[in-house]
Each structure stands twice: as C-alpha cells, then as structure tokens.
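> Below, each chain spelled out in residue letters.
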Amino acid sequence: MKVVLGLAGLLGFGVLLEVAPRLGLVPAKYAPPTSEILTTLGKQFGRGDFWVAVLDTLRTWMLGLVIAVALGVAVGLFIGSVPVLRAATASTIEFLRPIPSVALIPLVIVLQGPTVEATLVLVVYASFWQVLIQVLAGVADIDPVASDTARSYHLNRVTRIRYLIWPTALPYVVTGVRLAATVALILTITGELVIGSPGLGQEIANARTSGAVPEMYALIVVTGLFGVAANVATRAAERRALAWHPSVRTEVPA
Amino acid sequence: MLRRSRRHLAVLLLVTSLLATACGGSDSGAPAKPGQPDKVTVGVIPILDVAPIYVGQSKGFFKKHNIDLTLKQAEGGAAIVPAVMSKQYQFGFSNIISLLLAKSQGLPVKVVSNGTNSTGKDGKDFAGLYVKSDSPIKSAKDLEGKTVAANNLQNIVDTSVRASVRKAGGDPKKVKFTALPFPDQPAALQNGQVDAVFVVEPFQQAVLANGAKLIASSYVDAAPNLCVALYFTSEQMQAENPDLVKRFTDAMQESLSYADSHPDDVRQIITTYTKIDQTTVAKLTLPKYPADINRDSIQEMADLAKEDGLLTDSVDLNALLP
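Chains as they are written, first to last, in the working numbering: chain A, 1 to 254; chain B, 1 to 322.
Isolated chain A (complex conformation) (with noise of 0.2 Å):
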C-alpha cells in the first residue's frame, strides 16, 4: 500500500511537471515537460561519454564515503574511548564541523587544481563529520552496568571495543553512513558542477552552457535517481547489519 501511495505520489508529480509547460504556466523553453526530459534521458543510455560520466561520479561519491567512513569510525572510537581526548577535542570539533564544504572550493583549487581529488577532499570532509558524530554518540551511550562489568572482568582495550563499544555504536555508525552517503552525494555532483572534476556534475554543467535544457533536466533526474538508490541500499544494509537490534526488530513487540 505505502508503495502504491508512494508511486501514485511520483507520478502526479510527474503529470504536474508534464501538464504545466504545455499549458503554458511556465515556459517549456526553460522547463520542457517530463515526456522530453524522459525521452532525452533514453538517448543518454545509448551514449557512451554518459556511462563515463556515470562510473566517474559513482567512483567520486562511494571512494570519498568509504575514506570518511572510515575514518569517522576510527577516529570516534579512538576519541570516544579516551574520556581526556573526547573534552579535549569537543571544541574543536564543533567548531570545524559547521564550515560548509563548498565554502573549501577556492583551497582546494588552489591546493589540487580542478581533480578529482579536489572534489574528493570536499566530499569527504563533509561526510566525515556525519560519521565522527555518530560514532562519538554511539560510543557515549555505553551501558555503565555493561561497562563497569567489562571493567570488573578486566577486559583490555581491545577486547573492550569488540565487545562492549562496537555493538553499542554500531546503530549509530549505520545512521552514519545512511547520513554520509547523502552528503557525499551532494558534494560529489557540486564538486563536479562547480569545480568540473569529471563525472555527471560536469556534463550538468556542459548541457547548460551548451543550452541544452532537456538534456541538463535528464541528467539531474539521474542524480536524483542516485540518491534514491543510495537511501534504498543503506537502509536495506541498515537492516541487516540490525537485524539484532530492537529497533529494527520488529516480530516482537515490547
């Protein structure tokens, strides 16, 4: 039912957006109806320089959210795990978190030109504070009955993390992830627009500079498309990395 709701929901959308040029309402010179949009996009598969542009950004966005996932796991544990360094680095932290990462645009074309590096260093800066702060939160919500009895069986460091820290922060890692892969996404395809690392931002940007409406819409629809994919798949991941979890478990009810 909530699929049908949810498809019925796309498609008046989409007769919304098909309908209001033809009537005139906005001029279909600068927003043609969905039809035209669907059916350049058709072209585009049949275009290789499309597919490039596709596996670029896709490489783009999954490379930066594994790094910053990686590290904001890392780092979380590690700063989460040592109360001095957790009070030591909560300033810091806020305060590099809020900076918006295309406002790093102009350094990092200074620093690395207009690559894909670039665009890199943006998307996983901003994806790896989601990360950082989720692992932190997850790492605080320890159990203190749990810890002081990993304590009292004088559980080392490592055997700690395993155990006790890991499967308490793993539902916030997964909301991490979920949040990151978003944020990475958006940076990926604003690097690409804007510095013109290769990849779908980029053949956004030519299309517009080129005059290509249709083509411009058939190429956001795909971005679009990719965030979609990219909810579906974490939350589907979300699932069964908990399936243990009573928030995911649902056969239950408390």
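These are calculated hints, taken from the structure and not from any lab test.
Among the hints, a few may not be true.
[Claimed, not checked] Derived DSBU-like pairs (lysine-lysine); straight-line CA-CA distance at most 30 Å: (1) B:121 - B:141; (2) A:29 - B:174; (3) B:306 - B:173; (4) B:121 - B:213; (5) A:29 - B:146; (6) B:213 - A:29; (7) B:124 - A:29; (8) B:132 - B:87; (9) B:167 - B:124; (10) B:124 - B:138; (11) A:29 - B:275; (12) B:306 - B:146; (13) B:173 - B:124; (14) B:59 - A:43; (15) B:213 - B:176; (16) A:29 - B:132; (17) B:59 - B:246; (18) B:141 - B:110; (19) B:246 - B:64; (20) B:283 - A:43; (21) B:176 - A:29; (22) B:275 - A:43; (23) B:146 - B:110; (24) B:138 - A:29; (25) B:121 - B:306; (26) B:39 - B:275.
[Claimed, not checked] Reference listing, derived: stretches of chain B covered by chain A, where coverage requires no fewer than 3 residues with Cβ under 8 Å from a Cβ of chain A: (27) 80 to 87; (28) 275 to 282.
All C-beta atoms, glycine included, are put in the ideal place defined by N, C-alpha and C.
Model the placement of chain B on the given structure of chain A, informed by the hints.
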C-alpha cells in the same frame, strides 16, 4: 552477528583499497621518457572558442609535434589559472582581460599562443549586445541608467560593452552591470529583469529566437579584430621546458590555421565536446581563429581596462606575450 560485522568490515577495507588503486593514476605532465611523447594537459572551457585545439587533436597536429594531448574541461577560467600556476596543467585557455589582471597581480602567466578573435564585422560577430524586441533602447548610448547583464563583472564583457557605450557617445560610468551567467541571460532579458544582455554563441541564437535586437557588436567596438582569448602557461614552465612550449605553440598555430579555413570541421567538432544541438550548431556565427596574436588589440584592451579602473598599473605586455 559479530562475525558478520567483522566480515562487513573486511569487505569495506577491501573495497577501499581496490578503489584507491583504481583511482590512483591521475598524474599529468610527468616528464616524458626519451622517445616517448610529452604528456600535456590543457585546461579549456567547453565553448566555441576552443574548437581549434579539439580539431588539432583529432587531426593529429599535436602528435606530430610529439605531444600526447589531454584536454580537461573546467567550468571557467577561475579554475584554470591556479591549475596552470601549480603545474597540474601545462597550458590553459583564458580571456585576455583575465590574463592582464593575473599579470598585474603578479602571477607568472605567459601567453604561448593565440586563441580566439572577434570576426571583426559589426553586426556579424559571435557575440553581441542585445535588447528585447520592443525595447525603446536604440543604441549603446541609451544604456545610460539601464542595467546590462554580464557573465562576470570587471572582465572582458563589461569592458567591451563600455567601449560600445563610449563609441556611441554615452557615458559608460552611467551603465549598471549585473553578474549573470550566459545560460540565464536569455530568460532574464525576456522577463525584463535586465534591460540588455551581452551574450556569446550559442546563447546569441537563443536571444535571436526570442526576437531580440542587436544594438552593438561590443567585441568589434572594443578593438579591430579583437583578440578575445589566448593559451598560456606559467613562467616556470616556459623557463624549464622551452622546447615543449615551442612545440605546443607550433601545433597550436597549425590547429588555428586549419580551423580558421575549415569551418565545417569546426562545426562538426563542436558537437563532440559541447551539447549544443545540431540545428543550432549549423546556425552559429563562428569566431575567427587567427594563428598570430593581434598585439595592437591587446594594447587597446589594456588601455580600456586601465581607463575603466580594472587595472591600476600598466601591464608590461612584453612580459605577458611571447
């Protein structure tokens, strides 16, 4: 569960390292081994102006000069200059005003080849100053107190438009400029957000399709056969590898001469690196691609830029141009 999460982690790490290896090799301009062609990366903008370098690449003019050419598209000159200065790109494409500004700010830019010129024909250039079909504005003089859209402020477009206003007997200081990217200008003119636009192809075709009227060919007014843009490198590159720079210049001259005399090849190549549709490409007014640099026009541009206050000091053109 714990075992599974460890397996996930292992997969994650494996994927990271695979991707890292796959993404690794993006080196450009590594010193060539003896007998190997030099790898050269050039930063360009996906517009008509750079058609000759694409033509030259497809005709093998660069290969002939032992250059393995890679063209990287940037969204604007702003990203190209730093990349050339830091030697990530060996050469770049930029308009003349940006290069004059860069030089006056002390950046070690060095022109190596001509790029694009206006057609030199009033009313038949690849760019123009347009007003709406029913606009009361008849000439550039009437722009006093009006708003003109320019893709960048304090750059080549507003400098040229001011030259048109001056030529028509108006006061350029009374014209207001507003920054608006070329793709947004046709709609802005149509909606009345601005009184005039200065557009280049393919957006000239877009405003013409809306019935807009040409009031001046500003690139023609600025200087006869104005040199609009050029290819440049860094002074370090010029000093360290003069032979490569010379070969690039030679290949560029060949490409420019060929492109200038083969407009059909130019139109064909434009469909490969831009997304301009075929019917529009056939209608475009192409710029001129002379092989030689029009120094007089650059001197006039530098004088205009100084008069308008873009440049505070005179730029030593001998240091900028080859």
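> So, against the hints stated earlier in the document, which numbers end up violated here?
Of the numbered hints, 2, 8, 18 and 23 do not hold.
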